[in-house]
Amino acid sequence: MGTTASQLSKESLSEYQELTFLTKQEILLAHKRFTELLEKHEKDQIDARVPMGKIITLPELKSNPFKERICRVFSTSEQKDGSLTFEDFLDLLSAFSDSATLEIKSHYAFRIFDFDDDGTLDCADLEKLVNCLTGETNDAKLSSTEMKQLISNILEESDIDKDGTVNLSEFQHVISRSPDFVSSFKIVL
Amino acid sequence: MSTAGEQDAGLSLQEEHESKTHRTKRRDGDRQKKKRRNERRKGGTRAGEGEEDLQAVSEKRERSKRKRAKSKQETSRRENNEEEEAQLTGVREVEENVDKGKKKQGSTKKGEKKEDGGKQLVKGKAREVKKKNSEPETSEEDDDEEEDNDKDVVRLECLSPEELEKLKEAVDERKKLIQSLRGKPWAMKKKLVTLRESQEFVEKYEGALGKGKGRKLYAYKVLMTKKWMKFQRDFENFKTACIPWEMKIKEIESHFGSSVASYFLFLRWMYGINMILFGLTFGLVMVPEALMGRPYGSMPRKTVPRAEEASAMDFAVLWDFGGYAQYSVLFYGYYNNQRTVGWLKFRMPLSYFLVGVGTVAYSYMVVIRTMARNANESGVGDDNSFNFSWKMFTSWDYLIGNAETADNKFASITTSFKEAILEEQESHKDDNIHLTRFLRVLANFLVLCCLAGSGYLIYFVVRRSQKFALDGLENHTWWERNEVNMVMSLLGMFCPMLFDVISTLENYHPRVALQWQLGRIFALFLGNLYTFIIALMDEINLKRKEEKIVKFNITTWEASLYNGTVSENSTASPVTIHPADVPRGPCWETMVGQEFVRLIISDTMTTYITLLIGDFLRAVLVRFLNYCWCWDLEAGFPSYSEFDVSGNVLGLIFNQGMIWMGSFYAPCLPALNVIRLHVSMYLQCWAVMCCNVPQERVFKASGSNNFYMAMLLVILFLSTLPAIYTIVSIPPSFDCGPFSGKNRMFDVIHETLESDFPPWFSKVFSYASNPGLVLPFILLMVLAIYYLQSTSKSYREANVELKKKLQMARMTAQEQQRNNNASVQDQESGSLNSNINKEY
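Top line first, the protein sequences correspond to chains R and D.
Once you know that position 26 of the first sequence is 31 in our numbering, the rest is easy, because the numbers rise by one and skip nothing.
Once you know that position 278 of the second sequence is 418 in our numbering, the rest is easy, because the numbers rise by one and skip nothing.
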């Protein structure tokens, strides 16, 4: 790691360990991978941003249908362009790490699925979600009646207060019962 | 604190509102405040109302001060100077307050008056501050901070012991906040700021706690906890760095998804367990015997017999674990029945026995603990009420980093959606139920035939091998000598394929089909293993008969020897006969151990060879013959193989079962298994990455995790049964092994109790093992189990009941809302009517 690791001061390293679910090695690895994405002249800046287009070329995210959503959710950029600073990147990895709690994982999952950022999953969000999950190819797409049926089934199950949308607490309720959410909501560098 | 709704609430900046919300949210703090007030009232301090007001005001001021500090960090540095000033004044004020508080505790009327004055002053200031600080702020953590700030004030105000307690609590709360910070879905910057502030706070006030000696102690304690935390963190880091194959597994995970990776995780877990078993047997049995026991060649059981000496070093013999391998620490027979060995007075037979028991006990403990943890994690897994939502929200495997796997995953998700919709639309659609039923019965019949056939085959082969063994192994070919193991391995290889073909008849849902398949393979392996054991039992009985004859022969032989020597030397000095020439019994324990070791070896070999031929060779052929073939080999018939997770897991489980069964008679088995697992880790990782393609149906791992564990538990139980049976009911051989000369193996415990413990202890023990005590104890345990079971059942029922209630409540709420809407409409229409009436 050599020069890149030395950029990360000891204090901030221990702070990052305190604030994320990552271990020291993981943070150092993340830092290494992140600096590889940066331009030459940006390497010395602490809060340099990597644009979304570069982040989603990471092999860990490349084939993920939610890669752009993930970037947007974790980005603190004011232009809402999905670019990530190193700290955002750490947040991302922490939420997707092995030891993160169900609560935090489900929180971020909700925000990833909430395509229009309005705080609830409505029909449009769910439809987009289904389209993401079934892939881009046309033959795999569900017909509109199937889609309707599917969405109404989902709302029937998880929309507890019957307001036509799934909100965060409803979502977390559903997710917390799922046996394999925690094991599959993982990204490891 | 983490919901979006609360975030919105946090946006509004009215002091009143905030304090209200944070009070409702943080009931603890509230209670504390109330308590504080009550105490004051009880104590009858004259400060009364005035002081309370002051407190509230200073709370507010503190809050806003904090906020200012925050906004400073978050927004701009323009107002830096101004704010710093304000902060300084704030600090000064706080100090004043403290003085006042102290005076008040001196309790004079003057103090009260002064305070009133102070109150006015502070109020004015607070208003000022409020005005100053009306710029908008985002964050809900203010709530948190305010909470702590409240206490901050309390601390400075009065320093009576109970206040000190509260201060401590506040500091502790801060610490808790620091610890829970990582679990909050905030941006890193916010977390960093909060962390720094909290740490500063803790550092600042931690020192102020305690007095005199107590203070030093407290400081020391704080220092130690800090050190301890750091150590723990480093240790965590070290531990994760020590976990082997992390990168390999991660790579596989990203290529094949979590289900294939789950096999490797299982393999690694198994490796860990075997490491510990190996450590136990190696450290407590093999090494002491090798170092401190009598050396090789010192007694008959430790020497290769004269007849075998010529071939004892041949590779073919060693490969079969005969010759020098048989007469070494690797097998039961080598161990001496000396009570203690070496200058350490190591209790060898006792250690051997306890390690045997310990391995089984440890395995049970680990398996059950893991199962319990898995069950906890998965929660209520069989709950089917969120079928669609789970498919929707949790079906993507975020670990997938390979385009091909991702495509497969897309396809499988789509089909699962379509299937679910179809099932929902027509849940009862059986077009030709008779045909399906017939086919299923037929399939099961065929499978049963297969199982019976394979069982008979193994029995037949084992019997035949016994005949061969009686004739002497040298006269037979390699195949005839290794027939048993080869047949078992071949059956294990081909029967599952047969089952796979048969299961296409049944037309089950793939998940159900997978479970049937697993169940059948399980039955096959189990049947094979048990026929093997039964055949082995027959052999043990044969050997014991042989042993009786040998024993008789030996006594006559010894008598003749004695008669021969007594004429020469009247003092009867010990006759020196080379130990290799002494006749000896067949030692059935070593035989059992050898059988198991051979079985493991051949099993390992077949696994590796099938891997090389079935996966690697196939992949090579498909890859290179594809250039000159009439059809597309890669897409068409042979194609590349998929990684068979369930088959591999089952293989691993059965292998482990054999280890558990045989390790009592062959202490080398865990060591062998460690090597085997180590090699297969690398070999399979390599094979999977270079010659397998991602599965078409990508299953997720965790659902079946406990299924595998349950199988492991069953196997553990079934494999310890025969081992325990032989230990308890068959007397050990008279001339080999650590228990020779005893009536039963567990007599070693009795012996130790009698000679190594004080007499009262063995007395107590004999009382305790009295059936009069043991039976009630067992009864008590059964009762406890029954009790626990019934309580868990009632909990489950209560759970169902609660669910029902929830549903009911939901329904009634809906109805109420409808009614409300209706009544509102009624009212509106009513008022309208009345208006109309009035107008008229």
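What the hints contain is simulated information worked out from the structure, not anything from laboratory work.
In this text, all values refer to a predicted model and were calculated from it rather than measured experimentally.
For every residue, glycine included, the Cβ atom is placed at its ideal position computed from N, Cα and C.
Check the hints yourself; a few may be wrong.
As the list claims (entries may be wrong) - Some but not every residue of chain R turned toward chain D, in silico, with C-beta under 10 Å:
hint	residue
1	57
2	85
3	86
4	88
5	93
6	108
7	140
8	185
9	186
Status of the hints after comparison with the structure:
no. : hint : in the structure
1   : 57   : violated (17 Å)
2   : 85   : violated (14 Å)
3   : 86   : violated (16 Å)
4   : 88   : violated (14 Å)
5   : 93   : holds (7 Å)
6   : 108  : holds (7 Å)
7   : 140  : holds (3 Å)
8   : 185  : holds (4 Å)
9   : 186  : holds (4 Å)
Hint compliance for this structure: hints 1, 2, 3, 4 are broken, all remaining hints hold.
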